[in-house]
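Colleague: As they're listed, the protein sequences go chains X and Z.
Residue numbers for the first sequence follow the numbering used here, so the first one is 2 and each next one is one higher.
Residue numbers for the second sequence follow the numbering used here, so the first one is 482 and each next one is one higher.
Heads up, some of the hints might be wrong.
[Said to hold, decoys possible] Straight line, CA to CA, 16 angstroms or less: simulated EDC-like cross-link-like pairs of lysine to aspartate or glutamate:
hint, chain 1, residue 1, chain 2, residue 2
1, Z, K608, X, E113
2, Z, K608, Z, D675
3, X, K51, Z, E555
4, Z, K608, Z, D653
5, Z, K672, Z, E716
6, X, K60, X, D15
7, Z, K608, X, D122
8, Z, K672, Z, E650
FYI, nobody ran anything at the bench for these hints, they're computed from the structure.
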Amino acid sequence: MFRRPSSAPSSADDFSAEALQFLEPLFATAMRLTRNRADAEDLVQDTYVKAFRHSEQFKRGTNLRAWLYTILHNTWRNRRRDASRAAVDVDSDQVEQLAAGGIGNDRIETPERILLRSTLDADLQAALDNLPEAFREAVWLRDVEEFTYAEIAEMLNVPIGTVMSRISRGRRMLYEKLSAPAAPVAAEAAGGRR
Amino acid sequence: MKPTCRRICDLLAEYADDTLTAEQRAEVQHHLDACPPCRTIAGKECGARQLLRACADRLRAEQVPPALRSRCHELSRQSANARLWSRRAVRLAAAAVLIVVTGSMLSVVTRHSDALLAAQLTADHVKCFTFFGHEPGRTLDAAQAQQMLREQFGMDVHVPPSSGPGGLELVDARRCLYAEGRIPHLMYQAKGQDISLFVLEGESRPPAEVTAFGHHTRIWSRGDRTFVLITPAAEAPAAAARYVAEEAR
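Just chain Z, same shape as in the assembly (with noise of 0.2 angstroms):
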């Protein structure tokens, strides 16, 4: 190995995390944009990492033994007796009990990174389009979504109509596969690309824009509801995009 491939190899945990100073990206990037192999290895990283942040919430979701969860509470019991009078403790033990359940089934979107939110939500982007590719031709009209977000998670969501710039088309509505179906996605085509449109209600964050699995995600906050938009990474139909972004409220 070369010692430029050497030291730029060194930099790739960071490149796959995005954690690079923007000099060092561009640097990174020079480099293998020039050199097959160091790509190749680039690719094999940032790939399994987006895989694994794809996948995070199931890997982590191991259903914990009954006996050991209940083993665990009695020895916080057992803990907070020997410091605390016992009333307190049992009061701790039905708490605890509350806070680990109702912890357990949220799947929250809240506390997630933008790559990680953006990575589940590409996910999601390229499955619906692979899985439910819809029949061609097929649009959807945007009063009908709308009622449909309405109706169906109580949403009053302005969703950007069919026939924007780019030859834009609305082709479909869907709950997602993420957060046990309580999000909102739109499913949009322009010129063959595919556009997904994410709605998450009661939720408010930075903009940022990330990259995973060859897409482009864009994550955006209008007041307490925040959007995010993928597009293929490459030939984007950015005015369609920019249309979709702009019209959503």
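With the rest of the complex left out, here is chain X (with noise of 0.2 angstroms):
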């Protein structure tokens, strides 16, 4: 188990240490947001910044882990939306759509295939930075975090049944990165943006 100083905060001291404990993931998060080691860092530390700021507004017994992630998701849209760079996260309306006709590839390889990759994590990787943006943090949320749908619809924003529809198909998506036979998708990826 974390080693917690009590089993809930209990004072200022015992919220910042408990926040911290969540700086590995909430970076390894924030790199698949953003890919991009610079955002990555910006984004964690504003969210620190939040977090420690208003930490009265954290209520004592809820999910301190789901309340971070909650202010890292907020924090990059609101930035997004500054930085006027909306116009790339597409009309995610759109996406769905794509995403919901435009996946054909029948050719799929066996999970177990695939577990036995050496190059598995950073195919993992890179196939995941390579899905759009509302698949890959819902997806990521979801199987590699563990939150629930409820919890992950708080952070993104939106109505639990988009969540489940993102999840399912994000997975698809992934699946057939994966499996793709001769699609270097870490190259892909590096060309992406930025």
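Join the two chains, each given in its own frame, into one complex according to the hints.
Modeller: Written out as structure tokens, the structure is:
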């Protein structure tokens, strides 16, 4: 188990210490979200600035990890909007339609075979980075971070039904990228944004 | 896409997550058995989830740049300073560093859900049997395996010996790749099927059964020790598996 100062943060000290335990997974999440080390560092730092500043708004006994992830995602959304980079996010309805109809690759490998690849970690990371953002964040929060649909809906500020369809389609796209025989996803990702 | 298929597809996220009610699950399963296109889609969703779960710890373990780490600790110190007197804040920073360091070093098994534990140990099962495939006909004496567990892990485990029902043979005992080698992995074969038994010391959890990567995982505890048994889901060597589960203590 994580070593906790006490079962619930009982003072500002405990709150900070407990919040800092999540530095590593928050940074990994920020890396997948921004796909850029400098942006990820900024994002995580901003998240902690806000968390410490508004610590009294955190309800004791509720899930601190989920609260921090919500701040992280809100901060990222605001930043994208402020920098008027929203255009990059494509129209997510359009993306979802694309994903609903556009997948047709039925020549898939078995998970067991993919599992045995020596490059599995790098392939997975590249395939994730290659997903449109809306799907990437939903799949990451569910399958890597194990948040519930309701928690993810709150973090992403979308209805639960949308979360589920993004997870569903995101997983499908991810699997196809992984099983595509000669598609070096890592190269595509490297040539992506920024 | 037919209306039935669309309705079933809406349930696939939860199907892959194994959060459907038994009734819904049966309905989905029934449809998938009869509908190859939906089966393909379900295979992709389940496959992606299982792979992500198996690699989740490594994906989350992104190296935090030291400068970022110290900036965040500095932030915590400043915010504490603003509220509290400074001596307390210094103590906090020291405590925080300690906690973060301990937290990141522990490749903790205990906090994982059954599904994640099953996915990771199944991944190890598949890899160990593929990469360290033992020499045909080689078997390991249970007493030797017990001695290895005592010496390397400080565990006093009763290892189910070979010659159980279904031609069960103990073929190898290794350090599991998972959890930084702190878990022993006992490898068995029965009728050409691979069986793994993992032992987690100092851990007790409710019994559970999970299927991932075409393998069946059974988790149970005896006192302060948890056992994880992995067999192929299809043509499972049931008698041999039962024997291992009953004998392991």
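Colleague: Evaluate each hint against the coordinates.
Modeller: A quick look at each hint next to the structure:
1. K608/Z with E113/X: Distance of about 9 angstroms is within 16 angstroms: holds.
2. K608/Z with D675/Z: Holds, because 11 angstroms separates the two Cα atoms, which is no more than 16 angstroms.
3. K51/X with E555/Z: Measuring from Cα to Cα gives roughly 14 angstroms; hence the hint holds.
4. K608/Z with D653/Z: Holds: K608/Z and D653/Z sit about 14 angstroms apart, inside 16 angstroms.
5. K672/Z with E716/Z: holds, 10 angstroms
6. K60/X with D15/X: holds, 14 angstroms
7. K608/Z with D122/X: OK: K608/Z and D122/X at ~14 angstroms, within 16 angstroms.
8. K672/Z with E650/Z: Roughly 9 angstroms between the alpha carbons, so the hint for K672/Z and E650/Z holds.
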